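Asker: In our numbering, the protein residues as written are 17 to 62.
No lab work stands behind these hints: they were computed from the structure.
One or more of the hints may lead you astray.
[Stated by the list, open to error] Computed Cβ-Cβ distance ranges for the label pairs, DEER-style:
hint, residue 1, residue 2, range
1, I56, L36, 28 to 38 Å
2, K24, I56, 41 to 51 Å
3, I56, N21, 49 to 59 Å
4, S42, L19, 33 to 43 Å
Since the model is a prediction, treat every value here as computed from it, not as a measurement.
Positions of the beta carbon are idealized from the N, C-alpha and C atoms, including for glycine.
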Amino acid sequence: MTLSNSTKKYNGFLLFFLILNYFLISFTNCATYFQNRKTILRTSLL
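Sequences are here, hints too, so could you generate the full structure?
Answerer: Here it is in structure tokens:
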């Protein structure tokens, strides 16, 4: 196990974690956006 190999593996894991985090944040943003839109539509209809 060379140092460059371990850093490469660590960088790959970090990149994967960042992508996962990005998808999680975007998904929650979409969920909250649709929830807000639903409530806005409901209040505008009333």
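Asker: So which hints don't hold here, by number, going up?
Answerer: none
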